[in-house]
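J.: As a plain string of letters, each chain reads:
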Amino acid sequence: MKVLSKAKLTTALNKLNDAAEVFVPMQKGEQSAYYPWKSFKDGQDELMLEALNVYQSPKNAVFPQTEKMYGIKTEGVKINIDKTYEDPHPTIIFGARACDVKGIRALDDVFLTKGYVDSFYNARRSANTIIANACYEPGPNCFCNAMDVNPIDPEGADVILRDTGDAYVWESKSEKGEAVTKLIADLLEEKEVKLPEAKPFKQNVDYSGVAEKLKSMFEHPLWDKLSEPCINCGACTYVCPSCHCFDIQVKMWGEEGYRFRTWDSCMYEEYTREAGGGNPRGAAKQRFRQRFLHKLQFFTERYGTPLCTGCGRCIIVCPTKINIVKIIDAVKEAEING
Amino acid sequence: MANHEHEAGHKCTCGEQPLVPTIVEVFDIKDRTPDIKSFFVRNVDGKGIPFQAAPGQCGMVSLPIGEAMISCTWQEEQEYLEFAIKRVGLLTDELHRIEPGQQIGLRGPYGNGFPVEDCKGKDMLFIAGGIGLAPLRSFIKYCFKHRQDYGKITIIYGSRSKADLVFKEEIFDLWPKEPDTEVFITIDNEEAGWDGHVGFVPAYVEELNPSPNNTIAVICGPPIMIKFTLQALEKMGFSDEQVITTLEMRMKCGIGKCGRCNIGSQFICLDGPVYYLKQLKQLPPEW
Amino acid sequence: MKEITKKIQEIATKLFAEGKIDVFLAWEQEGELDFETKAYVARNTEDVKNIVFNEYSIYNIANTLLKFRDTQDKIGIAAKGCDSRGIVRLLEDLQIKRDRLYIVGIPCPGLKDPLTAARNYGGLGKKTAEEGLAKKCLNCTQPNPVIYDELVGPEQTPRQQGDRFAKVKEIEQMSADERYKFWEDTLSSCIRCYACRQVCVACDCRTCIFDEMKPQWVGRENSTTDNMMYHLVKHAHMAGRCIECGECERVCPVHIPLMLINQKLIKDIGELFGGPEAGMQYVEGSKPPLSVYREDDPDSFL
Chain V
1 MKVLSKAKLT
11 TALNKLNDAA
21 EVFVPMQKGE
31 QSAYYPWKSF
41 KDGQDELMLE
51 ALNVYQSPKN
61 AVFPQTEKMY
71 GIKTEGVKIN
81 IDKTYEDPHP
91 TIIFGARACD
101 VKGIRALDDV
111 FLTKGYVDSF
121 YNARRSANTI
131 IANACYEPGP
141 NCFCNAMDVN
151 PIDPEGADVI
161 LRDTGDAYVW
171 ESKSEKGEAV
181 TKLIADLLEE
191 KEVKLPEAKP
201 FKQNVDYSGV
211 AEKLKSMFEH
221 PLWDKLSEPC
231 INCGACTYVC
241 PSCHCFDIQV
251 KMWGEEGYRF
261 RTWDSCMYEE
271 YTREAGGGNP
281 RGAAKQRFRQ
291 RFLHKLQFFT
301 ERYGTPLCTG
311 CGRCIIVCPT
321 KINIVKIIDA
331 VKEAEING
Chain Z
339 MANHEHEAGH
349 KCTCGEQPLV
359 PTIVEVFDIK
369 DRTPDIKSFF
379 VRNVDGKGIP
389 FQAAPGQCGM
399 VSLPIGEAMI
409 SCTWQEEQEY
419 LEFAIKRVGL
429 LTDELHRIEP
439 GQQIGLRGPY
449 GNGFPVEDCK
459 GKDMLFIAGG
469 IGLAPLRSFI
479 KYCFKHRQDY
489 GKITIIYGSR
499 SKADLVFKEE
509 IFDLWPKEPD
519 TEVFITIDNE
529 EAGWDGHVGF
539 VPAYVEELNP
549 SPNNTIAVIC
559 GPPIMIKFTL
569 QALEKMGFSD
579 EQVITTLEMR
589 MKCGIGKCGR
599 CNIGSQFICL
609 DGPVYYLKQL
619 KQLPPEW
Chain Y
626 MKEITKKIQE
636 IATKLFAEGK
646 IDVFLAWEQE
656 GELDFETKAY
666 VARNTEDVKN
676 IVFNEYSIYN
686 IANTLLKFRD
696 TQDKIGIAAK
706 GCDSRGIVRL
716 LEDLQIKRDR
726 LYIVGIPCPG
736 LKDPLTAARN
746 YGGLGKKTAE
756 EGLAKKCLNC
766 TQPNPVIYDE
776 LVGPEQTPRQ
786 QGDRFAKVKE
796 IEQMSADERY
806 KFWEDTLSSC
816 IRCYACRQVC
826 VACDCRTCIF
836 DEMKPQWVGR
846 ENSTTDNMMY
856 HLVKHAHMAG
866 RCIECGECER
876 VCPVHIPLML
886 INQKLIKDIG
896 ELFGGPEAGM
906 QYVEGSKPPL
916 SVYREDDPDS
926 FL
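Protein chains in written order, with our numbering: chain V, 1 to 338; chain Z, 339 to 625; chain Y, 626 to 927.
No lab work stands behind these hints: they were computed from the structure.
Note that CB positions come from ideal geometry on N, CA and C, so glycine has one too.
Take these hints with a grain of salt, some might be off.
[What the hints assert, rightly or not] If you want a taste of the chain Z side facing chain V, the calculated C-beta under 8 Å gives, among others:
1) G531
2) K595
3) R598
Construct all of the structure, not just a fragment, from the sequences and the given hints.
T.: Now the structure itself:
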């Protein structure tokens, strides 16, 4: 096995950072997210590779909150699109947990398949390498195993790290993985180590049959009760590793400007508001229902796997303590009339 | 309905960058009603058009201020694409202020289009309300262009008032003269100078009672009109496989990525907007 | 607290039985973990047994009132000090009528933040130290309800100690450049999720200015300019109206110290206009200072 001693971690990160922008899970003050390694302030910030996960997901590396698309210049009646802002600079996500890797694979399904390839996402994703951090001790809110995710062998990772206490086993899984392995080859030792024991999940979530059952539950009264506390704030959609809805808007100063896209949320009232004033999801309950059906049924129908990755972030961040696990349970227990 | 797959030789503006528009020129604008104008679009060099629009397909029209998905009401050979646009919002407001010669952004073609092949040999019943005639017009003109492929053509069209009827030359003059074609017009309320039918479209459809025998009904209009017309057609014996309609939702990307226009697991911009009633009934009732 | 829970349940049961209310707004603990406490709408005597008042009943229940502003329901509501100021806010803004409400006032001993507890329990990021009272409760100036039909529980002492505006004054002392840098850094982490807006009781506009497109007042780009504009405009709309419940700061997923902006406004409005602070007392027909025009209004800030 190839092993990277934790003592050499900083050196490894620095070497990787020479070749690409490396995103690591970090605690900065009160916030925790995947920040660029070069922004790490010794003494102030803390690497969170040994924590279960961080508050925000790494999807920002391939799907940033705000992204310029193309420049627009007008001159009289003429419009000119002078440049497009695809950004192929290489990035590495270091230490992503299996749930977050699934999130990025879900984004791949959305942006790279079904007829069109989104050029902006494609540019970033092609230059992106995922070094995953195998998860041997699921947290109390974790249920990735119910969502098609293998926490100790995340599919789609280019390299898998396995934390043995004082070192990481470094397992390259793909061509991209080989490429980054070469960058730190001299830091890796060849030796046999004992892998950690995979601890069981603390909660048992059973998703089987849910997508099928939800097909006939669109008008079911349980949505009234479940959606009652929801204040449509959007926090859940923004910390979710697989939420991908976006808005396209423009910034113009007189005759020059650019079109950009930004994260959007199905929770907002104006999300589906049409120009003529009609709104198919004007009521909070309809938007609430849309979010959970998208995660648990629509995406499964379209792409064969649920959009939820089982990371548990939404459960922690919701101000009114709405819990997707409880919703799955409620769906399973619900009675369907004829 | 097939998804939009890139076949060899497939010509659309998207190329490698599906979200970046092509710049085209609006070389002519015609007023159709007080709030609807037709915009005639071709390449900036005056030669040809940016993409081929099958009947029922749409384009994402843009000015710097924003983008909007508009159905292409007709493609005239390789000369121009015509978009009939109603003034309802931010972008359409500004579009109604431009003059011929203005350049705009355009990307497409989007959407699955009408099933023109499957309908061959059938009698066609087109039912439209207000601006809803614009998307249907591409199918209607296609039928006239390939007249021998289709049977009897019946068009039932209604709008708020006489002034709000679109494509007046075609509905009053040209289309009724086509072989084996009947055109029925109605307006919502009585009005001086109008001696035609008065009443809402769904009621007029029931009154005319067209036969469902070997007929396909294609409907487009405001959601409430579609709802009641579907009920009327069902009463008259049309099966779910004989009725086609086009849906609308707010759209941003037009390529099934931004998540906004979904009804169930279908993206209206990509998998739709044209659906048989049979398919619609399998979707959540959000339309 | 169990005592208070019992009392609230008794009152709610009585009100339902007498047909005096259609719904009762309080909190419930949905699950075995005590921090799984959330807003709850009880609709009949059956539901009453789910009502709790525990040390995590921190959510400002007045926000739930907004869901009922267009209905005809008669509403019973359990309200702490901050919640009751929220109710006054809605009464003053004419969002709800007093005769629809039966307010059970709870003098609040200070509560804990369930979001912090959830984060520690869930294992995300660094564990915070000892779980004490929530930050907003440590600064509380009004634990006792300012409006109620009935009180349950003994009167509480305000917990705020020392200079209430100490942190605000610290920032006021900075030079303009230093201040700009401070806010630029602080607001750069904003992800524009709008949780602060949704949880705020005083944000009761039917169509929020940030949802308008014709024209669009603030862009949605996650840039310094747009982020600053969002916060400046949102909190400026709170001037003279913010009831200092601290929910905005509590629910922010990136922990932006939003109360600093609100406290600065409270300090300024206090100095300029005097009078009771927002939501402190309900007098029918009263309006927040910036909603009233008087010839002798201070205008030094113009």
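J.: Work down the list of hints and note, for each, if the structure agrees.
T.: Going down the list of hints, with the structure as the test:
1. For G531 of chain Z, the shortest C-beta to C-beta distance to chain V is roughly 28 Å, which exceeds 8 Å, and the interface hint is violated.
2. Hint status for K595 of chain Z relative to chain V: holds, with the closest Cβ pair at about 6 Å, below 8 Å.
3. Using the Cβ-Cβ criterion of 8 Å, the hint placing R598 of chain Z at the interface with chain V is satisfied: the shortest such distance is roughly 6 Å.
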